[in-house]
Structures are given as C-alpha cells and as structure tokens.
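Number of protein chains: 2
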Amino acid sequence: MPTAYVLYYWPTIQGRGELVRLALERVGAPYEDAARTPRGMNAMMRLLAGKGPGLAPFAPPILKAGKLVIAQTANILAWLATRHPLVAPGETNRVHAHQLCLTVMDFLAEVHDVHHPVGTGLYYEDQKKEARRCAAGFLAERIPKFIGYFERVLARSGGKHAVAGRFSYVDLALFQVVDGLGYAFPRAWSRSRRKAPRLVALHRAVAAHPRIAAYLASPRRVPFNEDGIFRHYPELDS
Amino acid sequence: MPTAYVLYYWPTIQGRGELVRLALERVGAPYEDAARTPRGMNAMMRLLAGKGPGLAPFAPPILKAGKLVIAQTANILAWLATRHPLVAPGETNRVHAHQLCLTVMDFLAEVHDVHHPVGTGLYYEDQKKEARRCAAGFLAERIPKFIGYFERVLARSGGKHAVAGRFSYVDLALFQVVDGLGYAFPRAWSRSRRKAPRLVALHRAVAAHPRIAAYLASPRRVPFNEDGIFRHYPELDS
Numbered sequence: 001m002p003t004a005y006v007l008y009y010w011p012t013i014q015g016r017g018e019l020v021r022l023a024l025e026r027v028g029a030p031y032e033d034a035a036r037t038p039r040g041m042n043a044m045m046r047l048l049a050g051k052g053p054g055l056a057p058f059a060p061p062i063l064k065a066g067k068l069v070i071a072q073t074a075n076i077l078a079w080l081a082t083r084h085p086l087v088a089p090g091e092t093n094r095v096h097a098h099q100l101c102l103t104v105m106d107f108l109a110e111v112h113d114v115h116h117p118v119g120t121g122l123y124y125e126d127q128k129k130e131a132r133r134c135a136a137g138f139l140a141e142r143i144p145k146f147i148g149y150f151e152r153v154l155a156r157s158g159g160k161h162a163v164a165g166r167f168s169y170v171d172l173a174l175f176q177v178v179d180g181l182g183y184a185f186p187r188a189w190s191r192s193r194r195k196a197p198r199l200v201a202l203h204r205a206v207a208a209h210p211r212i213a214a215y216l217a218s219p220r221r222v223p224f225n226e227d228g229i230f231r232h233y234p235e236l237d238s
Numbered sequence: 001m002p003t004a005y006v007l008y009y010w011p012t013i014q015g016r017g018e019l020v021r022l023a024l025e026r027v028g029a030p031y032e033d034a035a036r037t038p039r040g041m042n043a044m045m046r047l048l049a050g051k052g053p054g055l056a057p058f059a060p061p062i063l064k065a066g067k068l069v070i071a072q073t074a075n076i077l078a079w080l081a082t083r084h085p086l087v088a089p090g091e092t093n094r095v096h097a098h099q100l101c102l103t104v105m106d107f108l109a110e111v112h113d114v115h116h117p118v119g120t121g122l123y124y125e126d127q128k129k130e131a132r133r134c135a136a137g138f139l140a141e142r143i144p145k146f147i148g149y150f151e152r153v154l155a156r157s158g159g160k161h162a163v164a165g166r167f168s169y170v171d172l173a174l175f176q177v178v179d180g181l182g183y184a185f186p187r188a189w190s191r192s193r194r195k196a197p198r199l200v201a202l203h204r205a206v207a208a209h210p211r212i213a214a215y216l217a218s219p220r221r222v223p224f225n226e227d228g229i230f231r232h233y234p235e236l237d238s
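Taken in order, these protein sequences are the chains called A and B.
My numbering puts the first residue of the first sequence at 1, with every later residue one more than the last.
My numbering puts the first residue of the second sequence at 1, with every later residue one more than the last.
Careful, some of the hints might be misleading.
Pairs count within a copy or across copies, as identical chains cannot be separated in the list.
Each computed DSBU-like pair below joins lysine-lysine, with the alpha-carbon atoms no more than 35 Å apart [stated by the list, open to error]: (1) K160 <-> K64; (2) K64 <-> K128; (3) K51 <-> K195; (4) K128 <-> K160; (5) K67 <-> K145; (6) K145 <-> K128; (7) K51 <-> K128; (8) K129 <-> K51; (9) K160 <-> K129; (10) K51 <-> K67; (11) K195 <-> K67; (12) K128 <-> K67.
Note that these hints are calculated values from the structure, not bench results.
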C-alpha cells in the first residue's frame, strides 16, 4: 500500500488545487482531499497559521507527503513528477514541463484577475465596471496570445502532447485551461477554439483517459461555479 | 573557465529578470546580459518567436546554458540552484526555497498589477483611476499580508535567512522585494518596514555582500524606473 497523500485545498472550488487533483487522479495515487472531510478545514487553517512543523505555506493548495509539506501548485506538480510517471525522463523535459506549467499558472492568475481586477479583497459586484474593461482586453489579446502559444507548443512537440511528444502533467493543466475557458467564456471560446485544434483534441483525449473520465464523473470533481477562477459571468463574455 | 550563461531580458528594466541577475552575480557566474549588447534584442525576439531550438519561451527572462534554454524566473533560479551554491542541500530545502520563490513571484505580479489593474495592453495613464483604487487595497491588505508572512518565515528560520537558516536565492529575492517597495512606495514602506525588522536586516546584509555590493554599484544594475515592476507613482503611495 503506497503512502496516501493529503491534499488541502478550498473544498468548494476547483481553483489552482484542481491541477493537483487531476495529477493525483491520473496516476491513481491514493489521496485524501482533506478540506472536504470533517475537521479538514480546521487542519488546513492551522497549517496556514503556521501551526504545522517547518515552513508555513502562504496559501493552498498544500500537499502533505509523509513529513514533507509542500505548497505552490507548480511546485507540488514538479515534486509529484519526481515520484510518479507525470513527465518524460530527462532534465530538459522536467525543466520544460515546469516552465510550461508556470506559464499556465500565469494564465490562471490572469483569468482570475478578469473578475477581480481591483483586488481580491473586494467582491466581484464591487468591481464589475473595471472587470468589463479588463475582460475586453483579456478576450481580444490575452486569450489569443496564451492559446496561440500553447497551440504552437503542441505543434512542435508532435501535436498530441506538450512535452517531448509524451504525456505529462502539462497536458492535464492544458485540459483544465480548455475546460475552464469553455465554462467561463463559452461565446469567446467558441471562436477562439477554432484556432486551437490541437488543444481541443488534447482536451478530449485527457477527458477520455479511464482514470480521468472516472474522476470527472465522480463527486470528487467539484463543479465549476462562480467562486473559483473560471467564472461564467455573461457580461464578461462578449 | 566555466561555461558562460547568456541571459535574455528586457534591457532597460530590472523586472523579473533582476532575480536572475542577482543570483548570477552572487555566485560570481560568468554571464552575458545579452539584450543589452548590440543585436542581443534581435536574438531575444527570435527566441520568443520560436525560432530557437526546442521549446519556445513565452516571455523573458530566458537563460541559455549550453544547449538548454530555460524560461520562467523561478524555474531558472531552481535550475541554477542545482549548479551553484544557491540553496542548502536536501530535497526539503530545495522544495521550500522554490515554494518561497514562487510566493515572491506572486507578490511581484501583484505589485505590477497595482499600476496595471485593467490590462498590460494599456498604458498606466489609461488606467490611473483603477490603479488608485487597486493601490489602496494593496497598501492596506496585500503588503501587510505578504511582508508579515515573509517576516514570520525569517523568524522561524533563525532570523537571518529564509531557508534552513542559511543563505539561498530566496534571500536575494526578498532583498529585491524590500528594495523595490522602498523605491515604489516610500511613504507606505516607511510605516510597513517597522513591522519587518528581519526583512530590513536581510536587505542590508544582502546589499553588503561584496559581490552584490559591487554589482549594485556597477552599471550592470539597471536603475529602478517607471517602466518596470516597481514604479514610483506618488499618487499610488498614500
């Protein structure tokens, strides 16, 4: 029986934690999504308050692996990839997978900031006007820039995978990007996706993997909603 | 003679590239700040256009180390730390250094977004009103949250260093954070720094290291200015 991981993440959203959930599910690693269990939120808040051993995390997701407590999504994924078949072997592949993952994280931060341009301390309702202005530039410039980049990365890597023509956790992250854009910006994405056939195919292939398909159909997958990163506000999708 | 690195970064700003410059300078690694040499910008733009070998970077900084082309600041630093004494040995120290570095990167993104809340595609002058609103929350909530966190990290690590009580590249990143806040938000920082004595002392200690002191006094250190991440707009500092 392999060691079970303990994941701490906000229990009601996909958020950044979803990239970790997808990786753990894809390799079939046993894990507990702790904050969704009784008392799990308390345990997470204690870790964030620095009441655990060692370095306190700044924010979730947090992965406990034995005595090691790791935070920062891309850091967790890079570490998991040293233990599980989540990237092709070799230093260059590891470095490039991490590089792409960090670029996905940058994109997710921009997606989040579309509905929170003024500050995370304010509600969306308090920054709707700024959000509309932000969304215009995001749809016109940032989605094409990031999606065009990822599409070219896939093309150069043989078309089906982001790194070295083989499966990696970056494929999972790109699945989440495509899934989220389709949820949050269905109108804009219905146009943008035409220029991203490889990403669209990758999204379909990832979703069809038996373990991912089972996960997506399970209650373990938190549905998209308007508390997460990808929020469907029709007024921002035009 | 060790291999010379080639760094590609915007030639007129410190920006994210400064964390790489500081690391290379601190270990005395030979490097060329390529975009500040004749034809260097052309070479950087070719890399960004995907005309180099292998994975194209999404954005600078980019480090060429032999045949390896690495992008994403935190990725570059983690890789450099496998080659140079930039972090104490051991998996936990490496993972935690990277975790802290990524948290610094998150903070730098927020610092940047204070003057560009609506979009990077617009000038500051086109989003001044939103920037003032954003700055209010940034000064009142985000600086205390991040600086308080880093101060506690230092306290738990023995007071003088961020990771394992020993020098690491995270110390350099925190130096840059303190240096930048002092430049961009002198009024707000003159209050916040009172609650961050360890960060202030770390900033002084890093600046006093012979190789860093020589670097800071040299023309290789680009001065702060209003094109970088840390910009001094008095109207945002109140």
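Results for each hint:
1. K160 <-> K64: both (32 Å within a copy, 27 Å between copies)
2. K64 <-> K128: Neither, since 37 Å and 43 Å both go past 35 Å.
3. K51 <-> K195: between (48 Å within a copy, 21 Å between copies)
4. K128 <-> K160: Result: close neither inside a copy nor across copies, 38 Å intra and 43 Å inter.
5. K67 <-> K145: The answer is between: 26 Å across copies meets 35 Å, while 40 Å in one copy does not.
6. K145 <-> K128: Classified as both: same-chain Cα gap 24 Å, cross-chain 25 Å, threshold 35 Å.
7. K51 <-> K128: Neither: 37 Å inside a chain and 40 Å across chains, both beyond 35 Å.
8. K129 <-> K51: neither (40 Å within a copy, 40 Å between copies)
9. K160 <-> K129: Cα proximity of K160 and K129: none, with 39 Å in one copy and 45 Å across.
10. K51 <-> K67: within (14 Å within a copy, 44 Å between copies)
11. K195 <-> K67: The answer is between: 31 Å across copies meets 35 Å, while 45 Å in one copy does not.
12. K128 <-> K67: neither (43 Å within a copy, 47 Å between copies)
The structure does not agree with the numbered hints 2, 4, 7, 8, 9, 12 stated previously, though it agrees with the rest.
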